[in-house]
Amino acid sequence: MGSVLASFFNGPNSAEEDSSSSSLLQTFHSAPRWQLHFDSVKETSKLMVIDFSASWCGPCKLMEPALSAMADKFSDVEFAKLDVDQLPDVAQEFGAQAMPTFVLLKKGKEVDRVVGAKKDELEKKIDKYRCC
Amino acid sequence: MAVSGFEGFEKRLELQFFGDDPLENMGLRLIDFESLEQVLHAVNCTVVSAVGNHFFDAYVLSESSLFVYPNKIIIKTCGTTQLLKSVRPLIHFADKLNLTLCECRYTRGSFIFPKSQPFPHTNFKEEVIYIEENLPNNLVYRKAAVMPSKNPSYSWHVFTAADQNHHRRRSLNSDVTFEVCMTELDRHLARRFFKKTGDCKTGDLAGKEMTELTGIDDINPSAFICDFAFDPCGYSMNGIDGDRYSTIHVTPEDGYSYASFECVGSVYDDDVDIVETLKKAVQVFKPATVSISTTSNSREVWTKVARAIEPLGLKCRTFAMDEFPAAGSVVFQTFTAATRRK
Numbered sequence: 174m175g176s177v178l179a180s181f182f183n184g185p186n187s188a189e190e191d192s193s194s195s196s197l198l199q200t201f202h203s204a205p206r207w208q209l210h211f212d213s214v215k216e217t218s219k220l221m222v223i224d225f226s227a228s229w230c231g232p233c234k235l236m237e238p239a240l241s242a243m244a245d246k247f248s249d250v251e252f253a254k255l256d257v258d259q260l261p262d263v264a265q266e267f268g269a270q271a272m273p274t275f276v277l278l279k280k281g282k283e284v285d286r287v288v289g290a291k292k293d294e295l296e297k298k299i300d301k302y303r304c305c
Numbered sequence: 008m009a010v011s012g013f014e015g016f017e018k019r020l021e022l023q024f025f026g027d028d029p030l031e032n033m034g035l036r037l038i039d040f041e042s043l044e045q046v047l048h049a050v051n052c053t054v055v056s057a058v059g060n061h062f063f064d065a066y067v068l069s070e071s072s073l074f075v076y077p078n079k080i081i082i083k084t085c086g087t088t089q090l091l092k093s094v095r096p097l098i099h100f101a102d103k104l105n106l107t108l109c110e111c112r113y114t115r116g117s118f119i120f121p122k123s124q125p126f127p128h129t130n131f132k133e134e135v136i137y138i139e140e141n142l143p144n145n146l147v148y149r150k151a152a153v154m155p156s157k158n159p160s161y162s163w164h165v166f167t168a169a170d171q172n173h174h175r176r177r178s179l180n181s182d183v184t185f186e187v188c189m190t191e192l193d194r195h196l197a198r199r200f201f202k203k204t205g206d207c208k209t210g211d212l213a214g215k216e217m218t219e220l221t222g223i224d225d226i227n228p229s230a231f232i233c234d235f236a237f238d239p240c241g242y243s244m245n246g247i248d249g250d251r252y253s254t255i256h257v258t259p260e261d262g263y264s265y266a267s268f269e270c271v272g273s274v275y276d277d278d279v280d281i282v283e284t285l286k287k288a289v290q291v292f293k294p295a296t297v298s299i300s301t302t303s304n305s306r307e308v309w310t311k312v313a314r315a316i317e318p319l320g321l322k323c324r325t326f327a328m329d330e331f332p333a334a335g336s337v338v339f340q341t342f343t344a345a346t347r348r349k
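Taken in order, these protein sequences are the chains called A and B. One point on numbering: in my numbering, the residue at position 91 of the first sequence is 264, and numbering is uninterrupted. One point on numbering: in my numbering, the residue at position 288 of the second sequence is 295, and numbering is uninterrupted.
Be aware that a few hints might be false.
[What the hints assert, rightly or not] List of simulated lysine-lysine pairs, DSBU-like, C-alpha gap at most 30 Å:
(1) K246(A) <-> K280(A)
(2) K246(A) <-> K203(B)
(3) K301(A) <-> K208(B)
(4) K246(A) <-> K132(B)
(5) K208(B) <-> K279(A)
(6) K203(B) <-> K297(A)
(7) K203(B) <-> K150(B)
(8) K202(B) <-> K297(A)
(9) K219(A) <-> K203(B)
[Unchecked claim] Computed Cβ-Cβ distance ranges for the label pairs, DEER-style:
(10) E44(B) <-> K282(A): 56 to 66 Å
(11) K282(A) <-> M33(B): 47 to 57 Å
(12) D212(A) <-> Q290(B): 43 to 53 Å
(13) F62(B) <-> K215(A): 55 to 65 Å
It is worth saying that the hints were derived from the structure and are not from the lab. This structure is a prediction, so every number in the text was calculated from the model and none was measured. The beta-carbon is built from N, C-alpha and C at its ideal position, and this holds for glycine as well.
Chain A on its own, in the form it takes in the complex (with noise of 0.2 Å):
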């Protein structure tokens, strides 16, 4: 079972800066790039995912391999990644106190959220919501 587990989170390493590997991950360091951002993609009809972690974070860690995979299979929807250091009042208005929390939102507004290093239930809410 332990080699199937650590197969289950190992993938391609992700780049922590602005240069992800897949380009629909992209990670904000900056509160007015990240509200154009954001208020750029609340206009469209696209889902978009937006991961809270920090650099310290363990358990943050362990999750980037399955997001990335996640990024490149929903190219139809917009992952964002924001540290909560960097970004503390983003952090605080969606009330992310533990991590990784992810926020789905749809048109600007919270759909959903996954609390920890959850594959399978973030999975399952991005397939759910995507679409319609």
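Use these hints to put chain B onto chain A, whose structure you have.
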């Protein structure tokens, strides 16, 4: 009782460290994930789910749980894991962060299948020898004891070690740890921890369903829960609430059914809160036998345990109390159904 089966009874290890560098306020949480995986590999388990907050990181493992605080690591594993093999590598990784071990605590109940345990878990004496070989010399206060119940094959084993400064830290420590072990679970309730046939829900999704169906999410409604369901049966969860953890592990198979509940509270908590939490946790399983070990610097907090458990139709059969370096008072109580179920 089955001849052999999965061992639900866990081994629990708690290591406390101190460091001089005030900038390292993340402490042990700075141990990178790959290093943690190495430690777990030595123990023979892997991470299946995780969540963290500003106070600590909580990992659900293939065979139990791991909690990483800045100055403390708690690992609790079941089955035939070799938990004590984590001592040396953890001390090594902490040392790289300029953190020094100052307290060690190892506890466990009695194994249902003791002959299936690998070295050094073949018996308590071997375990103590093994831990001592891996502890640094600055831990000068050490004590090992087996706390009895009426049943000779049902005891609580405790080993603690501490450095010379543990007296100073004692007054600052208001934590109470409750380790609850339940056997002979109600069959109908235990069946909820089997995956439904034909259900293709995996891991954390199936776990979430079990959490909600069994009322585990009601034990502490303000906790974030990280849960996981195993194939074909079995369940684990970690709850995080501020700087407090709680954890539940279930082996539901008839013949060797087992469930554990562990949580940390404070000696200053309202009685009502402790009583209600323990009561709700035990009611999820309606076991025929419960043992609770209460560890704290208080000599009275254990009285709340009986108040929580006895109204559930369980009678306190045995009581044992002892004092250990750093850990403080450890009280071991066993309860069985007031009227035996057929």
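Checked hints:
1. K246(A) <-> K280(A): holds (21 Å)
2. K246(A) <-> K203(B): Answer holds: K246(A) to K203(B) is near 29 Å, not above 30 Å.
3. K301(A) <-> K208(B): holds (15 Å)
4. K246(A) <-> K132(B): At roughly 53 Å apart (the allowed maximum being 30 Å), K132(B) and K246(A) break the hint.
5. K208(B) <-> K279(A): Holds. K208(B) to K279(A) sits at ~26 Å (cutoff 30 Å).
6. K203(B) <-> K297(A): Since the Cα atoms of K203(B) and K297(A) sit roughly 18 Å apart, the hinted pair holds (cutoff 30 Å).
7. K203(B) <-> K150(B): Not satisfied, since the Cα-Cα distance of roughly 46 Å exceeds 30 Å.
8. K202(B) <-> K297(A): holds (18 Å)
9. K219(A) <-> K203(B): It is violated: about 35 Å lies between the C-alpha atoms, which goes past 30 Å.
10. E44(B) <-> K282(A): 56 to 66 Å: violated (38 Å)
11. K282(A) <-> M33(B): 47 to 57 Å: For K282(A) and M33(B) the Cβ distance comes to about 35 Å; the hint is violated.
12. D212(A) <-> Q290(B): 43 to 53 Å: 49 Å Cβ-Cβ, so the 43 to 53 Å window holds.
13. F62(B) <-> K215(A): 55 to 65 Å: violated (34 Å)
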